Amino acid sequence: MSAPLLQVADLRVAFRSGQSWSHAVDGVSFDIARGEILGCVGESGSGKSATATALLGLLPPRAARVSADALVFDGRDMTRLSEKEWLSLRGREVAFAPQDPMSALNPIMRIGRHMRLIQPRIAPREAHAAAASALQRMGFADPETILRAYPFQLSGGQRQRALLAMALLAKPKLLIADEPTTALDVTVQAQILDLIESTARADGLSVLFITHNLGVAQRLCDRLIVMRTGTIVESGATSEILSAPQHAYTRALLAALPGAAPPRTRLTQRAAP
Amino acid sequence: MTAAALALEHIRLTYRGRTKPALDDVSLHVGVGECVGVVGESGSGKSSLAAVALGLETAQSGDVFLHGKKLSPHVRRRTPAQLNALQIVFQDPAASLDPTWPVWRSVTEGLALRGAARPAGLRATAEALLAEMAMSGAFLDRKPHELSGGQRQRVALARALAVKPDVLVLDEPTSALDVSVQAQVLDLLLDVQERRGLSLVMISHDLDVVRHLCTRIAVMRDGRVVEAGSADEIFSDPKQDYTRALVGAAARLSIRR
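Heads up: the sequence lines are chains A and B, in that order. For our numbering, add 1 to where a residue sits in the first sequence, where the first one is 1. For our numbering, add 567 to where a residue sits in the second sequence, where the first one is 1.
Rather than coming from a laboratory, the hints here were simulated on the basis of the structure. In this text, all values refer to a predicted model and were calculated from it rather than measured experimentally. Just so it is clear, CB atoms sit at the ideal spot from N, CA and C, and this is done for glycine as well. Any given hint might turn out to be false.
[As the list claims (entries may be wrong)] Derived Cβ-Cβ restraints for the label pairs, each shown as a range:
| id | chain 1 | residue 1 | chain 2 | residue 2 | range |
| --- | --- | --- | --- | --- | --- |
| 1 | A | His24 | B | Gly635 | 54 to 64 Å |
| 2 | A | Asp223 | B | Gln807 | 30 to 40 Å |
| 3 | A | His248 | B | Pro686 | 41 to 51 Å |
| 4 | B | Arg762 | A | Ser45 | 27 to 37 Å |
| 5 | B | Arg579 | A | Gly36 | 44 to 54 Å |
| 6 | A | Gln137 | B | Arg763 | 53 to 63 Å |
[Claimed, not checked] Looking from chain A toward chain B, a few residues come up when the C-beta cut is under 10 Å (computed):
| id | residue |
| --- | --- |
| 7 | Ser50 |
| 8 | Val217 |
| 9 | Arg271 |
[Stated by the list, open to error] To list a few chain A residues with every Cβ distance to chain B over 12 Å, as calculated:
| id | residue |
| --- | --- |
| 10 | Ser18 |
| 11 | Gly28 |
| 12 | Phe31 |
| 13 | Ala34 |
| 14 | Val42 |
| 15 | Leu59 |
| 16 | Arg66 |
| 17 | Lys85 |
| 18 | Ser89 |
| 19 | Arg122 |
| 20 | Ala128 |
| 21 | Ala133 |
| 22 | Asp143 |
| 23 | Glu145 |
| 24 | Ala238 |
| 25 | Arg265 |
All chains should be built: construct the whole structure from the sequences, respecting the hints.
The structure is reproduced here in structure tokens:
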């Protein structure tokens, strides 16, 4: 069996608060295999976004402290990367899809120029063709119009699909997606999850999919880690965790979902499955 | 037939500068003690419908009735009793609570405005309302920024209930909350509705939440109600293609056990 694409062992992230440090991530270990979709499920304050930000090397060094026994991406030790090495990794081998695409896009730059900047060493004509085909793969029938559009001219779903097209343009090995569909309508959510899944299956892309929505996790992810207050309380195959959750917190999360309960039952008093 | 607690009849609303109507001949009836869900995607008109019911937006045509009595389309021309009887809770409690006010003052603002209680009694009233929301008196003097999202939403709910409404409109009340906090708020809503015999209008894009609370559902798209019926009909036997697509997409994102 080949080595996992990403190995994380005992990851800790602490943020400065006044004179002391508070741990947002407190000893988290997991692997992601090549082509695997790993779901990271948790609520506010669970440390799921801090984990993602650490894996992207985007935590401000003075305000945050990252340590790990191992943080290995594709055979490289991520804890020893220089900023220059991060620049060649981030956005190319490790891509990111954030929750709010509007804040990730430059409001006065057309989509085409965003996509041009991702491929600096490629001839304009080829870069344009690659951008158009990436948009087409994300379900845009008329990519030329999208390339000419400013972010504000697109709907929320279109922006998120354009951002995914950008994230996947450099054919990354790992996509870190932080609640990429939370703000979207259900029909658009379903469409975007399909796009992420088909890309992962077709291109062997690995995905770390961060979500608070267990239904979405069930739909998309091969394996899950369930996080709470900076630690992993449970991990395993998605079907096993959801059919036979071992940890009380996972059971409480499942019981809290209105879609799984008879109408008008009290969700906080439901017997854990 | 008894009059509906809240009835909207043939509402047409086009926002200034727009040609496409936000609401295009929309009617909605909410029986006494009934919980009616309004679902739809962004831009479908569901929040506009709430705004017209509350008199916050003025429709070009159509009427709003409360227990059979026609309401003025303008919130300022409604009587205090009418204002009390129809209340709303919005999605973002941080935006609907004054950040400089302590909780007790926000909760009793409606009572104070209508001169319904003496100032000395307001704190006690606020404390009783917070207790109904499963919050202790320790929260009375806190400011909104000292509360979690779920606590803020419970304060917003306490404020709406302070004036003893008959009908409560909830516009995406749990969309910004974690699932475990959403569960607490949904439980509270059910308790309050049953205890007070409230009529509810639940506006949400989350079909699971609406199905959990509501017995009747209206599906909106592009300013129209495309389908309305019992929750069972809408979910198990949708008639319109759009309802089928919406229910289908939601089912794929919802947990299967």
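Against the structure, the hints:
1. For A/His24 and B/Gly635, the Cβ-Cβ distance of about 60 Å falls inside the hinted range of 54 to 64 Å, so the restraint holds.
2. A hinted range of 30 to 40 Å for the beta carbons of A/Asp223 and B/Gln807 is consistent with their spacing of about 35 Å.
3. For A/His248 and B/Pro686, the Cβ-Cβ distance of about 49 Å falls inside the hinted range of 41 to 51 Å, so the restraint holds.
4. In this structure the hint that B/Arg762 and A/Ser45 lie 27 to 37 Å apart at CB holds, the actual value being about 30 Å.
5. In this structure, B/Arg579 and A/Gly36 meet the distance hint of 44 to 54 Å, their C-beta atoms being roughly 53 Å apart.
6. Distance hint check for A/Gln137 and B/Arg763: the Cβ-Cβ separation is about 54 Å, which falls inside the suggested range of 53 to 63 Å.
7. At a threshold of 10 Å, the smallest CB-CB gap from A/Ser50 to chain B is about 13 Å, leaving the interface hint violated.
8. Taking 10 Å as the C-beta contact cut-off toward chain B, the hint placing A/Val217 at the interface holds, the least distance being around 6 Å.
9. Among the interface hints, the one on A/Arg271 holds; its C-beta lies about 8 Å from the nearest C-beta in chain B, closer than the 10 Å criterion.
10. Every Cβ of chain B is farther than 12 Å from the Cβ of A/Ser18; the closest lies at roughly 16 Å, confirming the non-interface assignment.
11. The beta carbon of A/Gly28 sits about 23 Å from the closest Cβ of chain B, which is more than 12 Å, so the claim that it is off the interface holds.
12. For A/Phe31, the condition that its CB be more than 12 Å from all CB atoms of chain B holds, with the nearest at approximately 22 Å.
13. The non-interface label for A/Ala34 is consistent with chain B: the shortest C-beta to C-beta separation is roughly 25 Å, beyond 12 Å.
14. The beta carbon of A/Val42 is not kept farther than 12 Å from every beta carbon of chain B, the shortest such distance being approximately 10 Å.
15. At the 12 Å boundary, the C-beta of A/Leu59 stays outside the reach of chain B, the nearest C-beta of that chain being 24 Å off.
16. For A/Arg66, the condition that its CB be more than 12 Å from all CB atoms of chain B holds, with the nearest at approximately 26 Å.
17. For A/Lys85, the shortest C-beta to C-beta distance to chain B comes to about 39 Å, beyond the 12 Å cut-off, and the non-interface label holds.
18. No beta-carbon of chain B is positioned within 12 Å of the beta-carbon of A/Ser89; the least distance is around 36 Å.
19. Even its closest Cβ contact with chain B, about 39 Å, leaves A/Arg122 beyond 12 Å, as expected for a residue assigned away from the interface.
20. Residue-level check passed: A/Ala128 sits 33 Å from the nearest beta carbon of chain B, beyond 12 Å.
21. The non-interface label for A/Ala133 is consistent with chain B: the shortest C-beta to C-beta separation is roughly 27 Å, beyond 12 Å.
22. Even its closest Cβ contact with chain B, about 21 Å, leaves A/Asp143 beyond 12 Å, as expected for a residue assigned away from the interface.
23. Listed as a non-interface residue, A/Glu145 keeps its Cβ farther than 12 Å from every Cβ of chain B; the least gap is roughly 25 Å.
24. Against chain B, the non-interface label of A/Ala238 holds: every CB pair exceeds 12 Å, the least being about 15 Å.
25. Annotated as non-interface, A/Arg265 brings its C-beta within 12 Å of a C-beta of chain B; the closest such distance is 6 Å.
Of the numbered hints listed earlier, those contradicted by the structure are 7, 14, 25.
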